[in-house]
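Visitor: With the numbering used here, letter number 174 in the sequence shown gets 174, and the count goes up by one each step, no holes.
Please note: incorrect hints may appear among the correct ones.
As the list claims (entries may be wrong) - Calculated cross-link-like contacts (lysine-lysine; reagent style BS3-like; alpha-carbon spacing at most 27 angstroms): (1) Lys-131 - Lys-110; (2) Lys-131 - Lys-147; (3) Lys-55 - Lys-70; (4) Lys-30 - Lys-19; (5) Lys-19 - Lys-29; (6) Lys-73 - Lys-55; (7) Lys-110 - Lys-30; (8) Lys-199 - Lys-144; (9) Lys-147 - Lys-73; (10) Lys-30 - Lys-55; (11) Lys-144 - Lys-110.
Simulated from the structure, these hints should not be mistaken for lab results.
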Amino acid sequence: MELLMDNITVSSSAEAMPKTAAVLVAIAKKPELYDLIKSCFPGMQELQEADEEHKAAFSAATDGAPEMAKRLKAARQKLDRKFNIFFTMLRHAAVEHPDLLEAFGVPPEKVRRSNTPILTSPGNVRVAHGKVAGEIVLRVEPVKGAKSYDISCCIGDPSIEANWRHCGVGTRASHLVAEGLTPGTVYWFRVRAIGTNGKGPWSQFVSLMCV
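Work out the full structure: start from the sequences and follow the hints.
Guide: So, in C-alpha cells, the structure goes:
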C-alpha cells in the first residue's frame, strides 16, 4: 500500500480528518465496536497462559515429533499475537511514560539512519498554457530523491485546504501537465515531490487563468 489507512502520522491534516471522522462515526453508530477492539488487548492472565503454553510446547517438541512441532507452531503464533499487541501499546504508552520501557526490560527503539534524502519543497514553480484547451503545463526545479510529482489545483481561496484537489501527476519536473480544466477559470497550482518514503511538502502556489 502507498500509505496505510490507519497511519495518520504521515498524512496531511486534510487527509487525516476524513480518516479520524470515519472512526468516530463508526463508533457513534455502534459503540460495541470499540468494546470489541478493547477486548483484543490481552490481560495479564492471557499473557501468562500464552507464555506457559509456548514453554510447554517448546519442551515437548524437542524430540522432533510432527504433532509436537504443529503444537509448538500454534503456541508460538498465539504468543506472538498476544505479546505483539502488548509491546505495541507499551511503546505508545512510553511516549508519555518513558520509564515503562526500562520497567519491562524493553530497549528504546534505535533511530534508523536512512540513505534516502529528505524531500524538499519544489522551488521556482512556473505555469504556462498547454497546447490544447483546458491544459496547463507546470515546471519546477527537480527535487533530489523524487520519483514523481503530485499536482494540486484550487479554485477560490488557496489558503483554505478544502478547496484543493488532485489534478495531475508526472515524473518530469520540467514538464508536469494538468488536464481537463475549465477554460476561463482562474486556477491556483502547487506541486510536491513523491519519493520512496512518501510525499514531501507542497511548493508555493501560483495562479493562471485556463484558456
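Visitor: Any of the earlier hints contradicted here, and which numbers?
Guide: Going through the list in order, the structure violates hints 1, 7, 9 and 10 and respects the others.
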